[in-house]
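So the sequence shown is numbered by numbering that gives the first Met the number 0: it starts at 0 and just counts up by one.
There could be a bad hint or two in this list.
Simulated restraints, written as ranges between beta carbons of each label pair [unchecked claim]: (1) Ser130 with Glu200: 29 to 37 Å; (2) Asn154 with Ile364: 53 to 61 Å; (3) Gly363 with Thr340: 32 to 40 Å; (4) Lys10 with Asn50: 13 to 21 Å.
Everything labelled a hint here was simulated from the structure, so no lab data went into it. Where a beta carbon is used, it is the ideal one built from N, C-alpha and C, also for glycine.
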Amino acid sequence: MAEKVKRTKTKYTGVYFNENTKKYDVKYNYKVYNPLKQKNDYKAKWVYNLNTITEARAELAKLQTSGVKSEDKDITLSGAYELWLIKAKGQNYSPVTIGNTKTYMSMIYQFVPASTKLKDITEEVYYKFCSDIREYQYSEETLYSLNSTFRKMINLAYKKKLIKENVLYYADNMRTKQKEDYRVIDKEEFDEIDRYFKENEFWRLGINNYPKYRLLFNLLYYCGLRLGECLALTYADFEEFDYYKKTDEKSIRIVPSSDDVKGKHLRGMRVKITKAYVSDIKLTKTPKNFKKRSIPLSPAPERLYMRLKEEHLMKEGKLEDKIFNWGHGACDSALEKACKTLNLPDYDCHEFRHTFISNLIKAGIPLPVIEKVSGDTQETILKRYSHMFESDEVMILSALQDL
0 MAEKVKRTKT KYTGVYFNEN TKKYDVKYNY KVYNPLKQKN DYKAKWVYNL NTITEARAEL
60 AKLQTSGVKS EDKDITLSGA YELWLIKAKG QNYSPVTIGN TKTYMSMIYQ FVPASTKLKD
120 ITEEVYYKFC SDIREYQYSE ETLYSLNSTF RKMINLAYKK KLIKENVLYY ADNMRTKQKE
180 DYRVIDKEEF DEIDRYFKEN EFWRLGINNY PKYRLLFNLL YYCGLRLGEC LALTYADFEE
240 FDYYKKTDEK SIRIVPSSDD VKGKHLRGMR VKITKAYVSD IKLTKTPKNF KKRSIPLSPA
300 PERLYMRLKE EHLMKEGKLE DKIFNWGHGA CDSALEKACK TLNLPDYDCH EFRHTFISNL
360 IKAGIPLPVI EKVSGDTQET ILKRYSHMFE SDEVMILSAL QDL
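Between the sequences and the hints, there should be enough to build the whole structure, so can you do that?
And the structure:
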C-alpha cells in the first residue's frame, strides 16, 4: 500500500513542505470556463520535489503565467512580483534594484495585501493606495518609489496578458514632487528654524524633546541625511577622526570658516551611515542603494551631539541606544509647526537633503565626492540636479577654445 503523503503548509499560499520527500510541492488552483455547464470548472495543477522554497515560489509564479487563457488568470500582487523577480534575475538586474524593489513591495503590502488579485485592482483601489501612502507622511522620494513600483507590477502583468484591462491607462497617476518642485532652504531660514528649537520646549513623559529635534534638523541640513537614516542613528555611530601631517605640531579642530586649517593637520568628527529606519513597519534596513558611508560633521551638529551624548551617559544610557525614538510623522509635524510659527514656507524634511546636495554643487564639489557623501548615484544626481550643472557648459567651451 502506497505511503500516505503528508504535507505542511508554509507561509506562502500554494507552497507545501512534503514530509515524506523532505522537499517542496506546489499547488496551483485555476478555473476553466465550461461552455456546456455555462460555469467555471475549478482545477488544480501540482509540481513536485522542488529542492528549496525559492524554487517553489518561482515555479508557482510560472504556473500563474502559463497554460490558462488571460481572462481566466487570477495572478496576485505577490505573483506579479515573483514574475518580475524572475525577469530581473534573467536580465541580470543589479542587486541594488532587486533589493530596493523587495523593500518597496514589503511596504506596499501594508496597504494592498499580497494576495490581492490584479484583476480586482480598480481605479478606486489605486486611488485609495495613493491616499493611504500619502497619509503616512512618507518623503516625496519614497512616495515616488512606492507608486512607480506598484505601477511596474501592474504594467508587467498586462504586458504578459495576465490581466485583460490595465487600470493605469485611465487612472490618473499619483503626483509626486519632481526636481523643479523642491525648494532650497537658505541659511537665514535654517537659522530661524534652529533658533526655534533652541528657544522653545516640547515636554513629553518628563523630557524636553526639542534639543533632540534641533540635532536632527542640523544633521539633515549639514549632512544631507535621509530622514530614515537619521532616525536609525545611535550614539555609537559618531566617531572622531584625525588627518595627520608629517609634523610635530598639535592638530586643530576643523572650523570651516577659519583660515587656520590651511596647511595644518586636522581632527574632527564624522557620522557613519549604515542603516535606515522605516517607522510605519518598524523596520531597520540597509541604506538606499546599499551605500554605507561616513560624513564629516560641521561644528554646529557636533556640539549638539556631544552635549546630548554627555547627558545620555550621565543617565546611565548606552552608546548603542538610538538617539531618536520617533517616527517620520512626528518629525514632519514638528517641522510643520516650526515653519508655521515662523511664517516660513511649509518645508518638508527631504528639502534639507535637497538643500545639502544643491549647496555642494554650487560650491563646485566634484560629482564623485557628492555621490560618496550623499549615497545617491551620479546618474540620479545628474538627473535631479541637471539644471545646476548648466554652468559647466561654459567651462567646456572655454577648454575647447584652447585646443
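Item to complete: Hints the structure violates: just list their numbers, smallest first.
Response: When the structure is compared with the hints, only number 2 turns out to be violated.
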